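Next come the chains, spelled out residue by residue.
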Amino acid sequence: MLDNKTYIQSFCTIQNNEIILDGASIFKLEPTTFLDFSKKAYQYFEINYSKFFKMDNLSKLAFLGAELLLENEINNTKENNIALVFANKSSSLDTDVKYQNSISDAENYFPSPAVFVYTLPNICLGEISIRHQLKSENSFFIFDAFNSAFMTNYAKVLLDSNKADKVLCGWVEYFDEEYKAFLYLVGREGNLEHKIETVLTEYNK
Amino acid sequence: MTKEVYITETNCITPIGFDVATNIKNIIGSVSGIQLHQNTDLMKMPFYASIINDEAINSAFAKITSAENNTRLEKMMILALQPIVEKSKLDERTGFILSTTKGNITALKNPSSDNFQKAHLGQLAKNIADFFGFTTEPIVVSNACVSGILAVSVAKRLIQAGMFDNIFIVAGDEVSEFVLSGFNSFQAMSDSPCRPYSKNRNGVTLGEATAAVLVSSNKKNAKIKIIGDGSINDANHISGPSRTGEGLFRSIESALTEAKINANQIDYISAHGTATSFNDEMEAIAFNRLGLENIPVNSLKGFYGHTLGASGLLETVIGIESVLESKLFASLGFDEIGVSQSINIINKNEDKEMNYFLKTASGFGGCNTAVLFEKVK
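Protein sequence lines correspond, in order, to chains A and B.
Every letter in the first sequence is one number past the one before it in our numbering, and letter 53, counting from 1, is 53.
Every letter in the second sequence is one number past the one before it in our numbering, and letter 220, counting from 1, is 220.
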C-alpha cells in the first residue's frame, strides 16, 4: 500500500501580513491587524463572496488559502472530488475565548449562535466546502506542531483508496493575531513529489 | 491486498455504567442516564441532561491511581482506556487517537495561563498519553459531532497505510456551561428527555461520556471487522444539515462501495438521531434515498443524550454488543413516527442475527461519517 507516487501541485503560505503562492510573494502589507489584512486580501484578489465577512478569523484564514489554490482547480461543470485534510494547534480557541467572555458575566450575558457555531475548528472546512461545492472527504486534526508525516500519510491513503481525486491539505493556526496558514494541493500528477520531507521543507520556508 | 482491520477491545464510562456489561444491562432495562438537573453553575434554569456523578468518577479513579492533577474529563478518559491499555504492550507501532469536540473547555471559566494551556486539545491528549506511556505522538480528531466515529475511520485508514499496527482511541466530552448555553442560544434544547425521530420531539438533550476501543490489524480477540467508511461534507450550511441528506447519503455510499456490499445487506443502523427537527428528518431522507427504509434503526440518544465527540464511538461500542449478542435495542423515547419518510425504528428489544452493522453521525460544519462493520466469523 502507498506505493503510488503523489505530487504537490501548488502551495500557499499566509503569515506576517504576506501571502506566498508557489514560492512567490503575491500580496504583502505593512504590519496591520488580521481583520484589516484579510479584508484587503479579499479586495485585492477580487473575491466576491459576502459570507466571508461573517466568518471568524480561523475560517477567514483557511478560506483565503483555499481560494488561491482552488481558483483554477474547480470545474463548475463537473463534480470535484477534492478532499480537505486540515489541522492546527489552537483548535477554535480564538473564538472559544470570545464566546466564553459572552457567558462569563451574568450582568452582561449574551451568548450568540453566530459566535457559538465557530467554536468548532472544522467549521472552516464547511465554509470551504460550501464555497467550492466540495461534497468530499473532510477532517480536522489537532497537533502541537505541524505533523508532516501524518498529513502526508493521510493524504496518500485518501488518494490510494480512491476516496478522493485530489487532497487539499492545510495547517491553519490562528490565535489572537498570531497566525500561519500553509496549504497545499496533492494529486496523482505533477513535478514536485509529495514526500514527508518536501512538505516539511515547504512548511518551514 | 488491503489490510483487514478489527476492533478488538471496547469500554465506556457513562451515567448508566462504568463498563460495557453494565451499560448493556441498563439499556435492556430501558434505564436512561437523562435526568432533570438544577445546577446554576451549568445553567440558570433547570435542564435535562445525562451527567455522570462526580463522586462515582473520583472513587473509581482513586481505585486505579493516586494521580491528583487530572481534570474531570481526563479522569473519565483514563477510566475508559485503563482496562484496555492494561492488557497491551505499547510500542512505536501503537498509535493513540483522542476524539473530542470541546475537551477541557471548562478551564476557560477561570482565566489564567495555566488554565488556558489546559484548554488546548493537544495538552489534553498529552496528559492522557503520558499517563499511559504512549510513545507515539497523539492524534486529536476534532470534527464536531462526527469526531467519535470519524476516529474509527481514521484509525482504520492509518493502519491500512502502514503507519501503525494498533491504535487506541478514546473519545469524550463533558456537559459544560459553554456547550449548554450554546445549544440553548440555537434554541435546540429539548424541554423534556429527547425523543429521536418522534412526532413530538423538540430538540437535543446533552450528555457526557467517554468511550475507548482498540483498533488492530491483528484478528486475535477481534470483536468486529471494519469494512468501509466515508466522511463527506454536505457543502450546504455550517449550522444545519442538508435538506436532501447529501453528505450522509454519499458517506454511506462510499462505505458500501469500499465494503463491496449492497445496502439491503445491512442488518442494523445505529443512527445519529439527535431529536432536532432537521437532523432526524435529514437522516430519514438519506436512508430512503439508499433504500434503507426497512432496516432496523435506533438512536441511543434517549439513553445517553448527545455526548458530542464521544457519541459516535460510544454508540459504536454499544452497536458492537448488539451484533455480538444478536440483540436489537429499542430506540428509547420513540413513540409515533415524526419524520416525513418512513424508517424502521426499533420500538422494542428483540433478538436478531446480524452480519452487517452501519454507524452514522452528522454534525455542525456539514460533516457526516458512516462506518460499516462486519461480524467476525
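Please keep in mind that the hints were generated in silico from the structure rather than gathered at the bench.
What you are looking at is a predicted structure, and each value in this text was computed from that prediction instead of being measured.
Treat each hint with caution, since some may be false.
[Said to hold, decoys possible] The calculated lysine-lysine pairs, modelled on DSS-like cross-linking and capped at a C-alpha distance of 27 Å, are:
1. B:K25 <-> B:K375
2. A:K98 <-> B:K44
3. B:K3 <-> A:K195
4. B:K260 <-> B:K327
Please name the hints from earlier in the document that this structure breaks, with their numbers sorted from lowest to highest. Checked against the structure, no hint fails, so every one of them is satisfied.
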